[in-house]
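Visitor: Residue-level listing of the chains:
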Amino acid sequence: MFVRSFAIQGSWNYRTLIGAGLAFTLLPGLRALYRDEPERLDEAVRRHTQLFNAHPYLAPMGVGAVVMLEEEGESPAVIERFKAAIRGSLGTLGDRLVWAGWRPVCLVFAIALLLLGVRWWAVLGAFLVVYNVGHLALRAWAFRLGWRRGRGVGEQLRRSAVPQLQRVLSVVGAFVLGVVLPLLGSGHLAGARLALPWLLAAAVAAGLGARYGERVRRPIVVAIVGFALAGLLLKLVI
Amino acid sequence: MTSWIAIGILGGLVGLDSTAFPQAMFSRPLVAGALAGLAFGDPARGMLVGAALEIFALVIMPVGASRYPEAGTGAVAAASAACLAGAHLPTQVLILLAVVFGLAWERLAGYSVILLRRENERLVARDTREPPTARGVERRHLGAMSLDLLRGAAIALTGALVGAELLRILGPLWALGSATAAGLLTVAATGMLAAMLPLFGGFRDRRIVFVVGLICGSLLLLLVS
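Order-wise, the sequence lines are chains A and B.
Under this note's numbering, the residue at position 194 of the first sequence is numbered 194, and the numbers go up by one with no gaps.
Under this note's numbering, the residue at position 205 of the second sequence is numbered 205, and the numbers go up by one with no gaps.
Extracted from the complex, chain A is given alone in its bound form:
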């Protein structure tokens, strides 16, 4: 089940989200539980293909806990209530910890290495190894916690160090971001020494980015595409 949980989002859809993926992941456990009862197996599979969602790295916690509940012979209604209760927490915690913490910190660090002139293969290796050590550790921890604690995972999550870890990651992220910005703003990515007006423009862009966050993405994308088109069309016009 742990290996299958890596593919839990394999059939992601807008109706049941990762419901079918959860059933796919649970199957080895359900087959072991209902070995001689094919009808109960199919009935359990039908229940678990319904709506479910979680962060993919924390979903193994739900997988382990659901198998525990099935093994304890809990009623389908109780299991459904449990799944509905944990899916929000597993999603939000994972999003904050991984998508808004671990992943961007590792990526900004990798970009820093690249801008400092580290070879491409070292940047690639460092990022993939460091990131995936955290990734695999989180998945294994989540699965073990779900498997051991069953319905008690909610309480365990509340007691865990996840919120503190999120805070540490955001502090580290802000520091690494501060380190990278001068390297990037001075033209290291483009491999050029920039004139003063460009440096000032980069400083202004950084200020706007820091102030408005992801809301600047669309205007910046539109601007860079617009300038690129202008640069291409100018020759035709002149």
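Please keep in mind that the hints were generated in silico from the structure rather than gathered at the bench.
Pulled from the structure, derived: some chain B residues nowhere near chain A, Cβ distances all over 12 Å: (1) T2; (2) G8; (3) A154.
Coverage of chain B stretches by chain A, computed from C-beta distances (three or more under 8 Å per stretch; other residues unrestricted): (4) 15 to 23; (5) 59 to 70; (6) 170 to 181; (7) 186 to 196; (8) 214 to 220.
All C-beta atoms in this analysis are idealised placements derived from N, C-alpha and C, irrespective of residue type, glycine included.
Assemble chain B onto chain A, guided by the hints.
Guide: Chain B in isolation, oriented as in the chain A frame:
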């Protein structure tokens, strides 16, 4: 031919990694760009294009049912295009145009993800007519993953072909010089990277560590310049 086969395989795996399996982050533009460059013999150039696209992708959060550009396959296409068309263009112009193409292509790739998810809905969530069985769920789930693999390969391959042709045709038309290309890319990338600060708590809450980081970065800049 070997390079194109490699791009097809890489595109498929990158498409799969971005959501379906195993999310080990080789679908990140930084990684995907370098690997695409490697397929065409220039991983360093591929990584530069990938790094620029990565900076644009960092603020995108794949939360819940949100719809977003698929940066990984876009990076494979853009980095491949840059390596194929790059011989006669200045590096800065090439990277800028490849990044602009990558930003457009990743939107198209994002639409293909939406289509795939609707197809998955038909494939795995049609239990009202046909109740799922254990074997049926396994078959359909793996079928959905196979579709994702093929989708990624198709998007990356067509993107590499289209991008390379566009860069070959349009690249020589660039009229603003290398310095302008470098400036534009730098300003846009700096703004995008700084947009990560609110994600890490914002300037108000993180001003001390952020400013310490800025000072350290400036000192490093003096050292490496």
